[in-house]
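S.K.: So you can see what is in the structure, the chains are spelled out below.
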Amino acid sequence: MTMVFVETDPAGEVTLTSAEALTFARKTPQLLPDGGAATSREVSGPPSGSTEGVVIGPLSGAAIAALGRLGVSVIHHLDHPDLAEYSAAAWAQAIVDVAPESGTLLASGTPRGMELMAHAAVRTGARMAANVMAADEDGLLRQVHGGTAFERLRLDGDLQVLTIAGHACTPEETTPVTPEVYDYDLTVAEADLATRAQSTEVEAADDAAGLTSARAVVGAGRGVGSENGFAEVLELVDHLGGALGVSRVVTGLGWRPHAEQVGQTGSRISPDVYIACGISGAIQHMAGIEGAKTLVAINTDEEATMVQRADYAIIGDLHEVVGAVNEEIVRRRG
Amino acid sequence: MASVPAQASVVVVGAGIVGNSLVHHLAELGWTDIVQVDKGPLPNPGGSTGHASNFIFPVDHSREITDLTLDSMRQYKELGVFTESGGFEVARTEERMEELRRRMASARAWGIESSLVTPAEVAEKVPFLDPDVILGAFWTPTVGVVDSVRAGTMMRESAESTGALTVSPNTEVTGIDVEDGQITAVHTTKGEIATHRILVACGVWSPRIAAMAGAAIPLTPAVHQMISVGPVPQLAERPGEISFPIVRDMDTFCYERQHGSDMEIGSYAHRPILHDPDEIPSIEAAKLSPTEMPFTDEDFDPQLEQAVELMPEVLSNPDVEIRYAINGLLSLTPDGAPILGESPQVKGLWSAAAVWVKEGSGVGRAVAEWMTNGLPEIDVQGADIARFHSHQRTRAHVTARTSEAFNKTYGIVHPGEQWSSDRDVRRSPMWQREVELGAVFFEAGGWERPQWFESNAGLLDEFGDAVMDRSAEWDSRWWSPIINAEHLAMRRRAGLVDLSSFVIFDVFGPAALDAVQHIALAQMDVAVGRVVYTPILDENGGFRSDLTIMRLAHDRFRVVTGAAHGMVDLKWFADRLPDTGAQIADLTSSWTTIGLWGPRARDILGELTSADVSHEGFGFGTARVIEIGSLEVLASRISYVGDLGWELYVPMESGLTLWDALMDVGRGHGLLPVGLGVYGTTGRIEKGYRAFGAELDSERSVVEVGMSRPKVKSQDFVGRAAHLRHREEEPKTVLCSLTVDDHTSASGQMRYMLGGEPIVSADGDPLIDGHGRTSYVTSAGSAPSLGRHVLMAFLPPAEAVLGNRLQVVYMEEFYPVTVASVDSTPLFDPDNECIRR
Amino acid sequence: MNILVCIKRVPDIAGSVTVDATGTGIDDSGLGHTMSSHEECAVELAIQTAAATGGTVTVLTVGPAEAVEQLRAAVAVGANDGILVEAADPSVFAPEDIAQIIGDVIRDRAEAGQTFDLVLTGDDAADTGDFQVGIRLAYDLEYPVLTNIQTISVGGTDEGGGPGGDPGSGRIEARGIGPAGTEIFSLGLPAVVAVHEGGVDPRYPSITGRMKAKKAQVVEYDAPEPGTGSLRVRLELPEVKASSVTILGEGPDAAPALVDVLEEIGVIRP
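Protein chains in written order, with the UniProt record's numbering: chain A, 1 to 334; chain B, 1 to 837; chain C, 1 to 270.
Isolated chain A (complex conformation) (with noise of 0.2 Å):
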């Protein structure tokens, strides 16, 4: 049996990374080991070989519809005061008391979910590989070195605990079910809330939460060539209704925030379109990208690996061709 921690947004949606990581899960069979297995949980559950859901906090009957059209059989919702707020220790307590004693657990590979499942590895004992990519009968493939390379490996164990790459797939819905939802009596012990978040400050994450969900996004990259260089690009972004993205030299630079960083470490997008503008194409950065359905650049270079990689490319300079794109978009308005 496959679980998987699904992740919501704060308005009860099941977020995209999520929708990946259920869609991973229904559609690489290699991950269900023989013939499933019993789980630990008080409750009978659901027969084995299916997709299973958590989800902690709300449950909307809206995200219920959504991990149904997702594939999902069974959610396990796990909701209590204590975990209103997020703590690691107490979540993953959470998600172990009704995982499986074998198959995989897994969640997207953000960075709750890189989190949640290092705790449930170390709670359960068993072993734990990040960034999966794909699974089949010659085992695992992970991400190493910023996706520059793949990590080939098994893992053993009766249950392997997984995070699921960022656009490794895409999210699929599949022929609509109707989940059976438990829910539990959990028990929160208190040493588990001592990481227990006080609050959470919610106007600075804007622009990295816009930045991942955003339809359009602009990026900008060294070739803006100073901190006063951005206004093409952001008006773009306005017309758009998109979000800016950086690359790791811009915000090394201090010409932007880190919140808008794009790439390996930072956000990985999948809009419907990137603009990449006098962005090369280095490694960290197209590994943020991989998700974009439409990939435009505006270089100088015409053999700038980003241009290659691109699906639509204008050579030339970024703040005279944007500044085009722009009045173009203003003219066709009227």
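Just so you know, the hints here were simulated from the structure itself, not pulled from any lab data. Quick caveat, the model's predicted, so the values are computed rather than measured. Don't be surprised by glycine CBs; every beta carbon is placed ideally from N, CA and C. Check the hints yourself; a few may be wrong.
[Said to hold, decoys possible] Here are the simulated DSS-like cross-link-like pairs (lysine-lysine), alpha carbons at most 27 Å apart as the crow flies:
# : chain 1 : residue 1 : chain 2 : residue 2
1 : C       : K241      : B       : K190
2 : B       : K711      : B       : K732
3 : A       : K293      : C       : K241
4 : B       : K287      : C       : K241
5 : C       : K214      : B       : K347
6 : A       : K27       : C       : K241
[Said to hold, decoys possible] Only part of the chain C face toward chain B is listed, based on derived beta-carbon distances under 10 Å:
#  : residue
7  : D12
8  : A14
9  : V17
10 : S29
11 : T34
12 : A76
13 : G209
14 : M211
15 : A213
16 : R232
17 : P252
[To be verified] Covered by chain B, per the in silico footprint, the following chain C stretches (three or more residues, Cβ under 8 Å):
#  : segment
18 : 62-73
19 : 198-207
Dock chains B and C against the given chain A, drawing on the hints supplied.
M.R.: The following block gives chains B and C in isolation, referenced to the frame of chain A:
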């Protein structure tokens, strides 16, 4: 993706300072259809130019390099990309101060304004330098920095704007087609280019490209470490990239160079770190650029402390951070000289590699001229790619010599200094005997050559003060009074010299006479058995070489030349053979040569052979085969030491037998082995014999070196027209021999010049000849037969007067000299009686 | 506050890499080495925190002898000393093993009188990207653990929610970016914190710092035989996809063509 043109007059590989300068000068010289490719992007494709420290100190001990540097500076100034900052070379030790005095000699010799200054004067211009750490400095006000990427871009774009050049960046050379020894096409990632010439100007990658054509460019990528620290408040106070003088901290092999508010510290002090050209990362795999390799901290750590010592105020500031640190790659060659010209291995494969930014555009111009009309204006023969003997192209040799030389980049290198690595590569058949005789070996062209024999030390008693011993350590380094004693013993009795290192090649076939007649100045249509000493000229009438040619048969000529320049001579001849009828064969490793000279030479040879070796029976300037025991020996009666005797040629494997036979018989005549110290210096200098590379070069004419003969042969030969013109003109300069009148220094020590020193007027003013050259010593050495130290120098014609009293500047002291010869008249035995007895 | 920062020597890769002869590692012959970027931030946080509290920073690594370079790099920017657990080939260890090794060294140092109030790691190593050593170490030490932290400050709100800033409180305040915004944690010491880059700018070394680093004291241990052992079978490289780019044009003249594309995708705001 754009593709490259299908054909080109020349494909220039590399868009660094050298490649860019080349395309500019080629276009200026009228070339069209030039294609320039680089595997990297523009304007900085990722080679050594991109991380060069870009500063230029014009003074070098090498005249050739100084000429190229001065020409480059002139070009950079014209482009408006040169900023003058002035520069110091500072000394922390007395030994270094002495070297700085030698620097002054070179500055004076090449006519570059420089001076020695006190620590306080340094601190005045560089207030953050601690004057207590140094003893003094060598100041050159014209030192400055060039924006080499900008300079290259401007030059490349100027060529593009004329329509002569197509530039294709991001284009990698993947293969080269060679048919019948000739380049025919270059394959690139963007298509194939049909061409007969490829010009390899891609620095550290050059060996890879040459190897695609089956040729060698023997250089190695080597690390030069550099860090950039900042921000330095003291530097930020002044605007612009550079306003403080550059400081070379010579004794720590480091430099400190302002770059805006940062200070760049570069080092040549670390262990030699060599890379294989194939190991250089691709552009994709490189963190910075391919030639900015990962910094290895531990190699640089000792230099940090020394840098802080020198500039404590700025460098121990905790807010001054190490922002950038690289193991930058540059190109090193086994002898330190660039690699220029057409490969002797593949026709149409040209090299312009192992070039520093400081001489970059000068090299570009020189090689472009060379490709265009066969002759660069600046003499770059020391850098000719044809100079390498086969072993010198091997990876092992390149690695050994560059490893040895790396730490000498800022080192104090004696003009006679010998290599210690990769020795014993070429040993003559007599080598074992010579070892037993205590030979002190010097190396040329890989050959181990006895410079003198310790077994001859007993001669020092015989000749006493006449050996002109030297008390100053520098003057006597790589030298021994035994050389002078051997000289005197040879003049009194006889000496035997191992000359196995001669480069020997035959020109043969029905058109052999036409071939050598066309190449040599001297008349070659001589009787079989004649030996002819002849200058070899270029089209401008300058020297390409001087050598001897024996006519062995109506259709066979044997050319004998020196180890140092012989490989270049071989290519010069090979390139000028007619299409059919003449061939060339390198016999260097087939024949060994033993020189036998001195008043007893005839007695010794006569005892060994039944052949007639009398003056009448075996005249000077003739050669023939004689029998010595069961050996057939080609005996040639000539002399480079100015005494009666023969060069004896036998197959390599018989050399030892001949040597032993000569020594056995000679012992009774007082024959002693004599080293190259006699053959190369003392013997020739008292005879006024000129040496290629010292007195003879492409710049001075046959007339100016005093070697013109009464008549010029009627047959055409290379350089004839120019030579005839030179004979009509007043010489612009005159090669003279001078004797040193008083060797006593201010401290009372006797000092002996070694060469390279400026000659100045009695008033101490520089002498400048009609070529614009300042007078300097081209060769210096003992003339033991005369008991004098002799200097050769080109003087302005007005100063070339017998008895004229001038001065030589040595270690910044002035010594009186007298002009003793104003033509090739020998100081010793002016009527050549010793030779013709 | 005495802080231990665990760092890892990793190859400093830029773009493409090649697999080495063993098939299980990358060919790092032409590559430099560095510590992971998360760890650079951890070192910076440690230096700032130690400076604010008058404490010390010790850096630890499990790696080959050359990894002492990364320890010295940390000392050069302000760490006090280093601990090298020498393992010729650290790739034979599983994350479990590394956590165990570090835990054992921390206990051993405590017996030698050197204790740490706070242990910092990076979120994950730039090479293996396992994202679990810090958490496994915390469980081994029985310390609380946070990950994905960008800044820390001394004191901080305790369970009662009072304002922080008291160095004597035995607590730190830690901040990291969560899905809904910046999450603020208060953590009692000793603890393990895994750092995510972006909260602080790692400083460059000064020359004097580098000179100090050369002389830095490094305590050495030998790593034990691997317990759990790595599960790596081999390393593979992603396939290079052929370019299928459509060049819309050069310069501003190509703008309408791009706007057409954007309209087709439907991302232009009306």
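S.K.: None of the hints should be skipped; say for each whether it holds.
M.R.: Now for the hints, and whether the structure bears them out:
Distance check on the hinted pair: K241(C) and K190(B) sit about 19 Å apart at the alpha-carbon level, within 27 Å; holds. Restraint check for K711(B) and K732(B): the C-alpha separation of about 21 Å stays at or below 27 Å, so the hint holds. For the hint pairing K293(A) with K241(C), the CA-to-CA distance comes to about 16 Å; that is within 27 Å, so the pair holds. Straight-line distance between C-alpha atoms of K287(B) and K241(C) comes to about 22 Å, which keeps the hinted pair within the 27 Å bound.
A C-alpha spacing of about 53 Å is found between K214(C) and K347(B), which places the hinted pair above 27 Å, so the restraint is violated. At most 27 Å may separate the alpha-carbon atoms for a hinted pair to count; K27(A) and K241(C) meet this at roughly 24 Å. For D12(C), the suggested interface contact is upheld, since its CB lies about 5 Å from the closest CB of chain B, less than 10 Å. Hint status for A14(C) relative to chain B: holds, with the closest Cβ pair at about 4 Å, below 10 Å.
Hint status for V17(C): holds, given a least beta-carbon distance of 7 Å to chain B, under 10 Å. For S29(C), the interface hint holds, the least distance from its beta-carbon to any beta-carbon of chain B being 7 Å, beneath 10 Å. For T34(C), the interface hint holds, since its Cβ comes within 10 Å of a Cβ in chain B; the closest pair sits about 9 Å apart. Taken as an interface hint, A76(C) checks out: its beta carbon lies about 8 Å from the nearest beta carbon of chain B, inside 10 Å.
Interface restraint check for G209(C): the shortest CB-CB distance to chain B comes to about 7 Å, inside 10 Å, so the restraint holds. The beta carbon of M211(C) comes within 6 Å of a beta carbon in chain B, closer than 10 Å, and the hint placing it at the interface holds. The criterion of a C-beta within 10 Å of any C-beta in chain B is met by A213(C), whose closest approach is roughly 8 Å, and the hint holds. Given the 10 Å rule on beta carbons, the hint for R232(C) is violated: about 22 Å separates it from the nearest Cβ of chain B.
For P252(C), the interface hint is violated, since its Cβ never comes within 10 Å of a Cβ in chain B; the closest pair sits about 21 Å apart. For a cut-off of 8 Å, the count of residues in the segment 62-73 of chain C with a CB near a CB of chain B stands at 3, and the three-residue condition holds. Figure legend: the segment 198-207 of chain C, annotated as covered by chain B; annotation consistent (5 residues with Cβ-Cβ distances under 8 Å, at least 3 required).
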